[in-house]
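Protein sequences, first through last, are from chains A and B. Going by our numbering, the first sequence opens with residue 223, and the numbers climb by one from there. Going by our numbering, the second sequence opens with residue 1097, and the numbers climb by one from there.
If you're looking for bench data, these hints aren't it; they were derived computationally from the structure. Every residue gets a Cβ at the ideal spot worked out from N, C-alpha and C, and that includes glycine. Some clues are possibly wrong.
Calculated pairs, DSS-like style, for lysine-lysine (alpha carbon to alpha carbon, straight line, at most 27 Å) [claimed, not checked]:
hint: 1; chain 1: A; residue 1: 326; chain 2: B; residue 2: 1153
hint: 2; chain 1: B; residue 1: 1105; chain 2: A; residue 2: 321
hint: 3; chain 1: B; residue 1: 1167; chain 2: B; residue 2: 1153
hint: 4; chain 1: B; residue 1: 1166; chain 2: A; residue 2: 321
Pair by pair, the computed Cβ-Cβ distance ranges are [to be verified]:
hint: 5; chain 1: B; residue 1: 1103; chain 2: A; residue 2: 239; range: 12 to 22 Å
hint: 6; chain 1: A; residue 1: 234; chain 2: B; residue 2: 1171; range: 25 to 35 Å
hint: 7; chain 1: B; residue 1: 1169; chain 2: A; residue 2: 234; range: 13 to 23 Å
hint: 8; chain 1: A; residue 1: 333; chain 2: B; residue 2: 1163; range: 39 to 49 Å
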Amino acid sequence: GQQLNQSPQSMFIQEGEDVSMNCTSSSIFNTWLWYKQDPGEGPVLLIALYKAGELTSNGRLTAQFGITRKDSFLNISASIPSDVGIYFCAGRPRGSNYKLTFGKGTLLTVNP
Amino acid sequence: DGGITQSPKYLFRKEGQNVTLSCEQNLNHDAMYWYRQDPGQGLRLIYYSQIVNDFQKGDIAEGYSVSREKKESFPLTVTSAQKNPTAFYLCATRTDLVGDTQYFGPGTRLTVL
């Protein structure tokens, strides 16, 4: 199946720092979604993007749908300890029958 | 309270037994999905259903079966033919009322003893 390359795999930062992670693909996507997952829980949707170039914020989180339609990034500003978790991207490839492709996730650790 | 319910949260099964995982939703979403999550891997699609009484195999359907008799319910059966069933199973629903978005349930951790 199609692959999404998500980076970095893990990040260890100090509280208050900004964080950036991204996903790239070799093919065009029509939708980009960003989720956060806590251990043993289901993923929670953070931001959804539907148009190339779209920039959307949700509190301290900002995500963008790349102009080429092959990438997306997620930024977290002024990180706090509760930001700890796994963040992963998902996208719907052009021509897909409502199926998503998922990145493998970025593990974020925030040191108080 | 609206949402997606998966039960049980933890499930233990002896090797060779079939087991059914429950997924119920009251969001009135048409499409429902089952994913499997293993450490270090992205979510992998097992089965999905876009409407009642219809479902399609995903990327790793072997050893699993589903039914969609009601809009609200999409149970997943893990059969004894599934060679490595221990995993975290996630149910999701999809809406296109505002774009194309999937929402996940809380998950069921299945352990085969």
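Evaluation of the provided hints:
no., hint, in the structure
1, A/326 x B/1153, "22 Å, holds"
2, B/1105 x A/321, "25 Å, holds"
3, B/1167 x B/1153, "18 Å, holds"
4, B/1166 x A/321, "21 Å, holds"
5, B/1103 x A/239: 12 to 22 Å, "39 Å, violated"
6, A/234 x B/1171: 25 to 35 Å, "40 Å, violated"
7, B/1169 x A/234: 13 to 23 Å, "42 Å, violated"
8, A/333 x B/1163: 39 to 49 Å, "47 Å, holds"
Of the numbered hints given earlier, the model fails hints 5, 6, 7; all others are met.
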